[in-house]
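Based on the hints, put chain B in the right spot on chain A.
Chains as they are written, first to last, in the working numbering: chain A, 1 to 438; chain B, 1001 to 1438.
Calculated from the structure, these hints are not laboratory results.
Check each hint, because a few of them may be wrong.
Claimed, not checked - Dumping the calculated BS3-like pairs for lysine-lysine here, alpha-carbon to alpha-carbon at most 27 Å: (1) B:Lys1207 <-> A:Lys18; (2) B:Lys1018 <-> A:Lys207; (3) A:Lys207 <-> A:Lys52; (4) A:Lys32 <-> A:Lys48.
Number of protein chains: 2
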Amino acid sequence: MKLPVYQWQSLGERAQNKLLQRPAIQSSAQLKDDVRAIINDVQRRGDKAVKKYTQRFDNATIEALKVEEIEFANAELSLGFNEREAILQAIDNIRCFHEAQRNVDIDIDIETVSGMRCQRLTRPIRAVGLYVPSGSAPLPSAAMMLAIPASIAGCPTRVLCTPPNADGTVDPGILFAAHEAGVRDVYKIGGAQAIAAMAYGTESIPKVDKLFGPGNAFVTEAKSQVASDPLGAAQDMPAGPSEVLVIADGSANPNYVAADLLSQAEHGPDSQVLLLTDSAELIEHVSLAIERQLESLDRAEIITESLSHSALIEVDSIESAIAISNRYAPEHLIVNTKKPRRWLDRITAAGSVFLGPLTPESLGDYCSGTNHVLPTYGYARNYSGLGLEQFCLQMSVQEASPQGLANTGPVAEVLATLEGLDAHALAVRLRLDDNDVD
Amino acid sequence: MKLPVYQWQSLGERAQNKLLQRPAIQSSAQLKDDVRAIINDVQRRGDKAVKKYTQRFDNATIEALKVEEIEFANAELSLGFNEREAILQAIDNIRCFHEAQRNVDIDIDIETVSGMRCQRLTRPIRAVGLYVPSGSAPLPSAAMMLAIPASIAGCPTRVLCTPPNADGTVDPGILFAAHEAGVRDVYKIGGAQAIAAMAYGTESIPKVDKLFGPGNAFVTEAKSQVASDPLGAAQDMPAGPSEVLVIADGSANPNYVAADLLSQAEHGPDSQVLLLTDSAELIEHVSLAIERQLESLDRAEIITESLSHSALIEVDSIESAIAISNRYAPEHLIVNTKKPRRWLDRITAAGSVFLGPLTPESLGDYCSGTNHVLPTYGYARNYSGLGLEQFCLQMSVQEASPQGLANTGPVAEVLATLEGLDAHALAVRLRLDDNDVD
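In isolation and in its complexed conformation, chain A is listed as follows (with noise of 0.2 Å):
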C-alpha cells in the first residue's frame, strides 16, 4: 500500500482544492425513508416499536430496556482490573478538564446604562440524551466523552442509549465507563429506534431535549431528522467521517507520522489522512514505515481502504502547511515539529491540536482530558468540539428601575416608530408617562 505524493506548489488550484476534498457522504433517498418510517414508528407505538427494532436489527429480545443495578455491578466484575484502572483514570482527566471549563465564571451582571441592569445567566438543558456505539465495535471513551460534561454541566435528566448484544446485554465497559461519570439511566436500543425514543420520549424513555453523540449511517440520519422537527431535539454537530492532518518537518521521527496517520485511518474505510511536510526525506521515511507498521495491524483491510482517499504532501515550508491546514479545517491536526508551539496562535480552524512528538492522537481520543466528539468534514471552520457551554443554555435578564427607564425608553420609542412598529413605542411611553424620573 503506497500513499500518493504531491507537491504542493507544483500543482494548480483545481488540483489543490481537489486534494483538500473530502470524500463525498451523502444519505441515500432509501435511508432516508427508512429512518423516517422507524422514527414515525416509535412515536407512535413506544417501547413496542423500538423493541421490535431491536429485534430486527441487533437481533436481541429484550424485556427490560433499562439496564438494572444488578448489570452494573456485573459489569465492573466483568472487566479486568488494568482496564478498570484505565477507565477511572481516563474518567480523572477528563473529568479534570471540563470542571476546568465549569470553573470559568461566564455569567454577566452589568448595568449597560445607569439604571438598566443585564445579566447573562446559564442554565444546564433539562434532559440531554447520550448516544453510545456498540455492536462489533463497543466505544466505552465516547461513553466517557458524554457522560462527564452532561454530568458536570448539571443536565437534570441524562439517558443513554446503545445497541445491546444478541444476549441481551451490553458491553460491560460501556456500563461502567457510563456509570463511574455519572449516569445511571441507560437503555439498551441503538440505531434509529434509540434516537427517535430520546427525541419523543416512549413509556419507559423519557424525552430529551438535545442529542449527543457519535453512530453509524441511520444514527447520523435520525439525529438530523429530528433536529430539524420543532418538537423533536436538537442534536450536538453534524456527522462525519473521522481525519487527522498531520504537519511535520524532518525533525520528525517517521515511524510516529506513519503510526499517527495509520491510527486515525484505522476509524473506518472513508477516513481521510493527510500530511503535510517541507522534507521530502521525510515523505519517503514515513511511506516505508507505514508499509512496514500496516503488516502487523489487525484492522489493515479498512486502514487500506481510507488510505486510498489519502495523501503525503510536500509543501514549501511549515508556514504554507499551516495555512492550508486552516483552510482543510481538519477534525485533528498534529504538529510535530521543532517548537511547535510557535505556530499555534496562526492555526484558526482545527477540532483538537496535537503538539510535538510525543502527543498522538491517541491520547486525545482516550485521556489526555480534551473531549473527543469533535467536529469533522470541514465543519471545524464552523462548530467546536463538544464542551460544557453545548450542555447549556444562556439567557438574558434585564430590569429597569425608573432611572433605567429613563435612560433607554425615549432611545425605544424612536427606534420602534423608526420601523414602524407603533405598539412597541406605546408600551414604553405608557411607562414614561407614568414615571418620575423622566
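Using the frame of chain A, we list chain B on its own:
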C-alpha cells in the same frame, strides 16, 4: 377583539398541552423546490443569478451590488438627529453588554495530570454573513444586533446583505447602523439569493462560514438548506414566529400588560402572546385595555390575526405560572409581579427575561443592551440567544512532556486495545518504548 380566557386548573392535560401549542409552521414542498432552484442558480452563475432574482423579487436593477462609501454618507445625512442619536445610544448599550462577554476569559490552560498540558482556546469564525430584512419593514435594530457581536468577536470577514428598494437604494437606518456597528461590506441583496451568495460566494460576494439573522420564509428555508450542505454555511439557530409570555400578579398595571401583549402581537400574524396570572381581575382589566389600545394602533389587522392564537390564562399561583413557562420555553418572558427577581432562579428555559413593571420587551428589542436574536418556537429549551460565543470556535490543544506521556500513554494503550483499535495502541507504544520516563 376578545382574547380567549382559560382557567389552567380546570383543563385536562390534553387541553393544557393544546393551549401551549404554537401555530404550525412548515415549509411547503413548493417553497423548498423554489429555494433549491435559486441556490443552484446562484452557485452556478454567481452575480448574474443574484441580479436576476433581485430584479424579479425586489423590482430593482442593481449594477454594483456592494454599497459604496458615498451611500453610507448619504444614509447618515438622510436620518434625523433624533434617529441618529437613538441608533448611536442603542449601539453603545449593546456594545457594552457584548464587550462584557468578550471580557470573560473562557480560555483554559491546565495540566490534567503531571506533564499533560491541555488547553481550550477561542478563535473567531473566519467569515460571517449577516442578513437584515428590509422592504416593507426595514430593521436597523437587526443590523445592530448582528454587526456588534460579529465585530467584537473579531471575525475577520463580516458581510451584511439586505434587500434594496425598487430604486436601488438601501434603508438609511440599516446602512447607518451597520456602519457604526463595524460592518462596511454591505450588499444590496435579499431573500434566498442573498443566503446562497454568502454561503457559496460569487464574483463580488465573499463566501462565509456561518450565517446569522432573521428573515422571511425564503430566507429561513435557504439558511436551512445551505446549513445542511457541508460546503455551505452553518446557521445561527432555527427560525420561528416571535412570541411573548407574560407572568403577572394582581399588582401589575393592566395597561402595561396589555401594551406588552400587543407589542409582541404586532410582529406578525403568526406571533403568539400568552398571559399567565393568578388574578382574575387582572385578566378582566387587561382584556378591556387591549380593546381600548388596539383602536389607536396602525398594525391592528396583524394584531387581530395573531391574537386569534393567543390566550389569557388564570393559574392558581405564580409558582405554577413559572412551571408552565418553563415547559413552554418562551422567546420573551416578562415577569411583572411584586419582587420579580425572586423567581429568576426557577426560570430554566427562556430566551430573554424582562423583570418588573418598568421593563417592557421593547427595551430588549432595541436598546437595553441584550441581544434580540433569540430562540423562539420552543427552541429556548435547546438553543441560546445570540452571544459572542456563536461567532467564535473553541479549539482544544494538548501537549505531552515525557512525564505526561508516561502518565497517560499506558491508559490510552489499554483503552485502545479494549476497543480493538491496535493502530491507536501502536502509536502510543512506539513512543513509550523510546521514552526516557517510562
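Going through the hints against the structure:
{"no.": "1", "hint": "B:Lys1207 <-> A:Lys18", "result": "18 Å, holds"}
{"no.": "2", "hint": "B:Lys1018 <-> A:Lys207", "result": "18 Å, holds"}
{"no.": "3", "hint": "A:Lys207 <-> A:Lys52", "result": "20 Å, holds"}
{"no.": "4", "hint": "A:Lys32 <-> A:Lys48", "result": "22 Å, holds"}
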